[in-house]
Amino acid sequence: MDIELMQRVLPFFMEAAVVTIEVSALSLVLGLAMAALAASAKLSGFVPIRWLGNAYVSLFRGTPCLIQLFLLYFGGPQVGVNLEPFAAGVIGLGLNIGAYMAESVRGAVLAVDRGQAEAARTIGFSRSQTMRYVLLPQAARLMIRPLGVNTIALIKGSALISAISVIEITYTAQRFISSTYKPFEIFAIAAVLYMVIIYVVARAVDFLDRRFAIA
Amino acid sequence: MRPSGSMVEVRGARKSYGNFEVLKGIDLSVERGQIVAIIGPSGSGKSTLLRSINHLETLNAGEIWLDGVQVNQPLKGRAFERHINGVRQQMGMVFQHFNLFPHMTVRDNITKGPIVLKGMGRDEADALAAQLLAKVGLADKIDSYPSRLSGGQKQRVAIARALAMKPKVMLFDEATSALDPELVDEVNAVMKQLAAEHMTMIIVTHEMRFASEVADRVLFMDGGAVVEEGQPSTLFTAPTHERTRAFLKKYLNA
Amino acid sequence: MGLDFSVLPPYAELLGVGLWWTIVLTVSAGIVSFVMGILFAVTVLYAPAVIAYPVRFFIWLFMGTPLLLQLFLIYYGLVQIGIDLPALVAGIVGLGLHFAVYNGDIIRAGIAAVDPGQTEGARSIGFGRWQALRYVVIPQAVRNTTPAVGNMMIALLKESSLVSVIGIAELVHASQLAISETYRPFEFYIAAAALYYLANLILEAGLNMIEKRVEASR
Ligand SMILES: Nc1ncnc2c1ncn2[C@@H]1O[C@H](COP(=O)(O)OP(=O)(O)OP(=O)(O)O)[C@@H](O)[C@H]1O
Ligand SMILES: [Mg+2]
Numbered sequence: 001m002d003i004e005l006m007q008r009v010l011p012f013f014m015e016a017a018v019v020t021i022e023v024s025a026l027s028l029v030l031g032l033a034m035a036a037l038a039a040s041a042k043l044s045g046f047v048p049i050r051w052l053g054n055a056y057v058s059l060f061r062g063t064p065c066l067i068q069l070f071l072l073y074f075g076g077p078q079v080g081v082n083l084e085p086f087a088a089g090v091i092g093l094g095l096n097i098g099a100y101m102a103e104s105v106r107g108a109v110l111a112v113d114r115g116q117a118e119a120a121r122t123i124g125f126s127r128s129q130t131m132r133y134v135l136l137p138q139a140a141r142l143m144i145r146p147l148g149v150n151t152i153a154l155i156k157g158s159a160l161i162s163a164i165s166v167i168e169i170t171y172t173a174q175r176f177i178s179s180t181y182k183p184f185e186i187f188a189i190a191a192v193l194y195m196v197i198i199y200v201v202a203r204a205v206d207f208l209d210r211r212f213a214i215a
Numbered sequence: 001m002r003p004s005g006s007m008v009e010v011r012g013a014r015k016s017y018g019n020f021e022v023l024k025g026i027d028l029s030v031e032r033g034q035i036v037a038i039i040g041p042s043g044s045g046k047s048t049l050l051r052s053i054n055h056l057e058t059l060n061a062g063e064i065w066l067d068g069v070q071v072n073q074p075l076k077g078r079a080f081e082r083h084i085n086g087v088r089q090q091m092g093m094v095f096q097h098f099n100l101f102p103h104m105t106v107r108d109n110i111t112k113g114p115i116v117l118k119g120m121g122r123d124e125a126d127a128l129a130a131q132l133l134a135k136v137g138l139a140d141k142i143d144s145y146p147s148r149l150s151g152g153q154k155q156r157v158a159i160a161r162a163l164a165m166k167p168k169v170m171l172f173d174e175a176t177s178a179l180d181p182e183l184v185d186e187v188n189a190v191m192k193q194l195a196a197e198h199m200t201m202i203i204v205t206h207e208m209r210f211a212s213e214v215a216d217r218v219l220f221m222d223g224g225a226v227v228e229e230g231q232p233s234t235l236f237t238a239p240t241h242e243r244t245r246a247f248l249k250k251y252l253n254a
Numbered sequence: 001m002g003l004d005f006s007v008l009p010p011y012a013e014l015l016g017v018g019l020w021w022t023i024v025l026t027v028s029a030g031i032v033s034f035v036m037g038i039l040f041a042v043t044v045l046y047a048p049a050v051i052a053y054p055v056r057f058f059i060w061l062f063m064g065t066p067l068l069l070q071l072f073l074i075y076y077g078l079v080q081i082g083i084d085l086p087a088l089v090a091g092i093v094g095l096g097l098h099f100a101v102y103n104g105d106i107i108r109a110g111i112a113a114v115d116p117g118q119t120e121g122a123r124s125i126g127f128g129r130w131q132a133l134r135y136v137v138i139p140q141a142v143r144n145t146t147p148a149v150g151n152m153m154i155a156l157l158k159e160s161s162l163v164s165v166i167g168i169a170e171l172v173h174a175s176q177l178a179i180s181e182t183y184r185p186f187e188f189y190i191a192a193a194a195l196y197y198l199a200n201l202i203l204e205a206g207l208n209m210i211e212k213r214v215e216a217s218r
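Heads up: the sequence lines are chains W, Y and X, in that order.
Here the first sequence is numbered in the working numbering, starting from 1 and rising by one per residue.
Here the second sequence is numbered in the working numbering, starting from 1 and rising by one per residue.
Here the third sequence is numbered in the working numbering, starting from 1 and rising by one per residue.
Simulated from the structure, these hints should not be mistaken for laboratory data.
All values derive from a computational prediction rather than experimental measurement.
Errors might be hidden in some of the hints.
[What the hints assert, rightly or not] Here are a few chain W residues that sit away from chain X, every Cβ distance over 12 Å (derived from the structure):
1) 36
2) 116
3) 141
[Said to hold, decoys possible] Once the Cα atoms are required to be at most 30 Å apart in a straight line, the calculated DSSO-like pairs of lysine-lysine come out as:
4) X/212 x Y/141
5) Y/141 x Y/192
6) Y/166 x Y/135
7) Y/168 x Y/24
8) Y/250 x Y/24
9) X/212 x W/42
Where a beta carbon is used, it is the ideal one built from N, C-alpha and C, also for glycine.
With the hints as constraints, model all of the structure from the sequences given.
In structure tokens, the structure reads:
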């Protein structure tokens, strides 16, 4: 282990880690918003809306995230969408994870006992009222873990934006692996950074899961 | 140090789970062709005894012998593993919950052992399966999966699976307890047939009538010990111990 | 510069070859990930600590880091300790190991969920420890985990796109070649996406069929 080298590259990695965290956090927000939209679209009674929700989820889950990023970043200018790498990364990752998160949300809603919806409807709640007052509060708890899994996948998936030259952890690692010829030292630093970020997120998910369990 | 000419010999068997002694020194000897029924209240150690004979449980003390070979030999590691696999091939065991392999057809359930363990050819094994299934009255189920069978049918396949290894002794642990009452007789009939063929059997059961019909000898266990044993005619009609009387009274009236 | 999909047909063969390599990668890495997954599961559950702990550390490391980083390590890293894997092999090994770790976790849970009575049933006939695993427990664990492992295969098809970064001429890489000649990223990435989507549909249908057959044999 070349400790001296590791100390020398560490500052670069710390900056890169901040970028990974920023991108992940922003795409998480976008992803959750897309998931909420898409899940309600998929559960909607209005067929064209439902169809739109289905199309979004199916297309973004059915193709590689890398292609989606490339299409947005390299193909975007052809249709008048000019984005910086960072912005393209956030939007691309957010749209992609949103499709997966939509399935987590929908799965949680469907997992709530059927009798709950029926009971609500017999009282006279409308479809959306049933969703809002009866199903969603119960589903919220059920979706924490799956959404947590999605979030961790998002953090690992954020490595992809190194391919559109966002200087995050994996980009930095690749650069130093080819310039220092010390692959294992560099990998070790990058691995520790990812694991720390993921560990913190996993603990946060545990915390939320417990909070909602009591409520 | 071969103890006797018996088929199964249990000597001073002791078994504890933590501080709780489940078998408190059991002696039992079963002659070739003999049928022994073991009865007793729940938790008295009947299953533990039977499972120890097959070495599914390891005794803390005592010896188990099968046809002159010690089952729980003080061997270690691979040597013991080889030894016990050989011994188990000579003992058939039938469980309360069948333990049929759900991912195999009835045919494969029966033939897997002979083919893998004895190197039997496919054709010979298939013929054996067909013959055993005919014997337990399930010739037409050879290609079914266990999930398509009733409980009684499953248990009869389990018996055929054990018989396919040509065992010297059959061990039954409450083979009919998990069955609906109307399915009990078909399994009992198969066991009676084995009795008529002089198969050596040890049968743990809660059915006193069946025990008295097939068994040559009945053991009453309670609290990890054999309280009383004898021929069915004497034990069921004139038990000498108070605990046996109390147990039989409850069961015969039920 | 508007869109013009007529740039695609001249490159149909190039994309077709790319798709072919994507399929080769997915199938090979899929097999590696399945076999290694079973191996990981059995090791974690039954191997002595000196073997099980290093394997668990490896699993933990691979679960916590991005596939792309792992590919860089395997392709650019191993060369420097004298292991020079051709890109295709590095790609298959990288993808295979990455998904083996997840499959291993799934199958381990599947093995733990098989009724202990199954092992007893096998042992009572005279099957050894390993034979009981091989003939009775693992086949059931694999059957019960088919849907979850199938999902991993679906993920694998898409993630195989990442090996374009180490220069394997699969679908993404083929598209990039075409783009470098035509400067038409939008059209070619759309075409690549469509091909992935199609391959994905076919894979899903295939997995559905397998699941149905497994379901029927129980
Ligand atoms: N693995 C174990 N760990 C701890 N205690 C056990 C274990 N297996 C059995 N026992 C205990 O040993 C005692 C004897 O159990 P055993 O299953 O042999 O009884 P049994 O006579 O077969 O009863 P039943 O008629 O209910 O089947 C019971 O009190 C049981 O709770
Ligand atoms: Mg019992």
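Checked hints:
Under the 12 Å C-beta cut-off, the non-interface status given to residue 36 of chain W relative to chain X holds; the minimum distance is some 23 Å. Non-interface call for residue 116 of chain W relative to chain X: holds, since the shortest CB-CB distance, roughly 26 Å, exceeds 12 Å. With a closest Cβ-Cβ approach of about 22 Å to chain X, residue 141 of chain W is found to remain outside the 12 Å limit, as its non-interface label requires. Between residue 212 of chain X and residue 141 of chain Y the CA atoms are separated by roughly 22 Å; this keeps the pair inside 30 Å, and the hint holds.
Of the supplied pair hints, the one linking residue 141 of chain Y and residue 192 of chain Y holds, its CA atoms being roughly 22 Å apart against a limit of 30 Å. Our distance criterion of 30 Å between C-alpha atoms is met by residue 166 of chain Y and residue 135 of chain Y, whose separation comes to about 14 Å. About 27 Å separates the Cα atoms of residue 168 of chain Y and residue 24 of chain Y, which keeps this hinted pair within 30 Å; it holds. Restraint check for residue 250 of chain Y and residue 24 of chain Y: the C-alpha separation of about 25 Å stays at or below 30 Å, so the hint holds.
Among the hinted pairs, residue 212 of chain X with residue 42 of chain W is consistent with the structure: their alpha-carbon atoms are about 26 Å apart, no more than 30 Å.
When each numbered hint is compared with the structure, no violation occurs for any of them.
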